[in-house]
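Residue numbers (numbering that gives the first Met the number 0), protein chains in the order written: chain A, 0 to 273; chain B, 0 to 273.
Possibly wrong hints are sitting among the right ones.
Identical chains blur together in the list; that is why a pair holds if it fits in one copy or across any two.
[Claimed, not checked] Straight line, CA to CA, 25 Å or less: simulated DSS-like cross-link-like pairs of lysine-lysine:
{"#": "1", "residue 1": "K4", "residue 2": "K49"}
{"#": "2", "residue 1": "K219", "residue 2": "K267"}
{"#": "3", "residue 1": "K3", "residue 2": "K110"}
{"#": "4", "residue 1": "K49", "residue 2": "K264"}
{"#": "5", "residue 1": "K264", "residue 2": "K120"}
{"#": "6", "residue 1": "K120", "residue 2": "K159"}
{"#": "7", "residue 1": "K267", "residue 2": "K120"}
{"#": "8", "residue 1": "K103", "residue 2": "K219"}
{"#": "9", "residue 1": "K49", "residue 2": "K159"}
{"#": "10", "residue 1": "K120", "residue 2": "K218"}
None of these hints come from the bench; they were simulated from the model.
None of the values given here were measured: they were computed from a predicted structure.
Protein chains: 2
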Amino acid sequence: MTEKKERPIGIFDSGVGGLTVAREVMRNIPGERIVYFGDTARVPYGNKSKETILRYSRQIVRFLQTQEVKAIVVACNTASAFALEEIRHELDVPIIGVVKPGAKTACETTKNNRIGVIGTKGTIASGLYTEFIRKIKPDAQVIGVACPLFVPLVEESMLKDPVTMEMARRYLSALKDRRIDTLILGCTHYPLLRAVIGEIMGADVTLVNPAYETARGLKKLLEEEELRSARPAKEGETGHRFFVSDAAESFRDFANSILPIDIEKAQKINIEEY
Amino acid sequence: MTEKKERPIGIFDSGVGGLTVAREVMRNIPGERIVYFGDTARVPYGNKSKETILRYSRQIVRFLQTQEVKAIVVACNTASAFALEEIRHELDVPIIGVVKPGAKTACETTKNNRIGVIGTKGTIASGLYTEFIRKIKPDAQVIGVACPLFVPLVEESMLKDPVTMEMARRYLSALKDRRIDTLILGCTHYPLLRAVIGEIMGADVTLVNPAYETARGLKKLLEEEELRSARPAKEGETGHRFFVSDAAESFRDFANSILPIDIEKAQKINIEEY
């Protein structure tokens with residue numbers, strides 16, 4: 000049995016989006032090994048019910064536990080919103096999601112107390128960003144907007160396409176009208192649309208990327224719990240492992256396009272067995 | 000045990016798209032009862048692998064058999080392309096898909112032997128429409144184009160939106176250049192985009208809707224196998240049953256917007272248990 004602090008960190012998402020979180024963990028917490036799971040056989044999570052997302056998340060957490068992870072990151076806003084609090088009580092390792100770190104940073108950033116949140120239908124309907132923000136800043140105005148076409152547009156690599164620009168204009172117009180000064184990118188796919196969203200919102204609106212905030216939060220958590228690996232960080236680290244429930248090759252290609260390292264393969268598993 | 004020919008017909012799809020097939024069955028084979036299953040917890044199927052679609056289809060067929068269906072319709076082009084032939088050999092009831100009837104009608108329709116097919120990535124990559132068409136018309140030219148954004152656009156009800164028009168123009172331009180005279184709508188969502196697709200392709204191109212052809216094929220099959228129900232058809236038939244793996248309420252609302260009857264509810268089941 001590996002000494003506890005040398006065990007890997009488990010990170011999961013509905014698919015490729017959570018790789019933006021894995022990327023920030025690699026950049027900001029060198030020396031740590033990651034076990035990543037992307038639920039590509041059941042993606043997307045954004046339009047599905049709480050009950051279903053909770054069942055899927057429990058299966059994934061059981062799989063990650065077979066990999067002896069020392070901590071778990073729910074790198075999916077929908078699963079963070081629907082499943083994190085219930086799963087926390089069923090676990091003996093620390094678990095963090097992307098919603099709370101994003102909400103906290105937005106509260107530290109805003110000057111006019113008007114915060115926008117964009118995400119999937121599930122994330123926005125859950126109201127969880129609003130709840131976390133109001134706990135910190137009870138007088139904050141939070142305006143949530145679901146952007147259901149952003150995920151398919153990112154998955155089609157239409158990152159700077161006129162169609163994406165048009166949809167962004169529609170989704171974001173209500174937020175511009177409300178004069179927010181801070182916007183949370185509340186879905187792990189959305190940082191890949193940063194250029195388009197930034198252009199529409201303008202330089203006066205700060206974009207908060209929960210992926211980055213989550214990596215910082217995870218680092219702090221590992222230090223507090225004395226779980227930080229003592230291994231020296233190496234260039235081109237290869238101790239990470241990637242698992243998916245389907246389409247391993249296209250996952251690997253996408254991963255290699257956004258991660259700071261090249262991965263050789265993603266292993267396909269049957270998540271329904273967990 | 001119900002007399003065999005009075006048993007219901009099982010119809011399944013990844014989600015709501017197959018309701019266009021259920022609608023044609025209700026219109027064209029009065030008196031028959033339907034058991035419909037929509038796999039809304041794992042939708043969409045279009046970007047997933049053959050192995051995964053086959054596993055999902057087997058689970059659904061096992062569920063439909065618990066409902067004592069007399070025949071099964073695979074009302075999903077991706078599942079028809081990836082799973083139908085393998086499942087056929089494992090079953091003791093007749094099963095038909097949407098691909099073969101669509102291919103047959105396209106062959107009867109074309110005059111210049113240039114046939115276009117639009118569908119999901121999975122359906123187009125399978126090459127199954129081309130294969131079936133070439134069996135009937137070995138000299139036909141078949142041009143397949145994947146339209147991955149059409150399903151999310153339909154699910155957002157953007158049926159006549161300028162964005163949908165723009166995407167349709169891009170996807171269909173290669174088909175216009177190749178001067179096809181017949182276009183198969185090779186995904187059960189696409190008949191809902193008929194107006195946009197028809198406007199771009201023009202009056203000289205005949206659109207083939209496999210949902211309608213499948214209902215006709217099913218009627219013939221039931222008659223040949225002496226499985227046609229002898230029940231008199233009733234106005235506002237309510238003997239149908241609807242099952243989903245998630246989001247039963249939004250499924251019911253969508254169903255009521257496109258079916259000729261109103262359904263009271265869709266029942267949620269855990270398909271992973273089958």
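Status of each hint after checking the structure:
1. K4 to K49: Neither: 33 Å inside a chain and 40 Å across chains, both beyond 25 Å.
2. K219 to K267: neither (32 Å within a copy, 42 Å between copies)
3. K3 to K110: So K3 and K110 fail the 25 Å test inside a copy (42 Å) and across (71 Å) alike.
4. K49 to K264: Only across copies: K49 and K264 sit 19 Å apart there, 31 Å inside one copy, limit 25 Å.
5. K264 to K120: Between copies, since 22 Å is at most 25 Å while 32 Å is not.
6. K120 to K159: The answer is both: 23 Å in one copy and 22 Å across copies each meet 25 Å.
7. K267 to K120: Result: close only across copies, 20 Å inter versus 28 Å intra.
8. K103 to K219: within (14 Å within a copy, 63 Å between copies)
9. K49 to K159: The answer is neither: 32 Å in one copy and 31 Å across copies each exceed 25 Å.
10. K120 to K218: neither (30 Å within a copy, 40 Å between copies)
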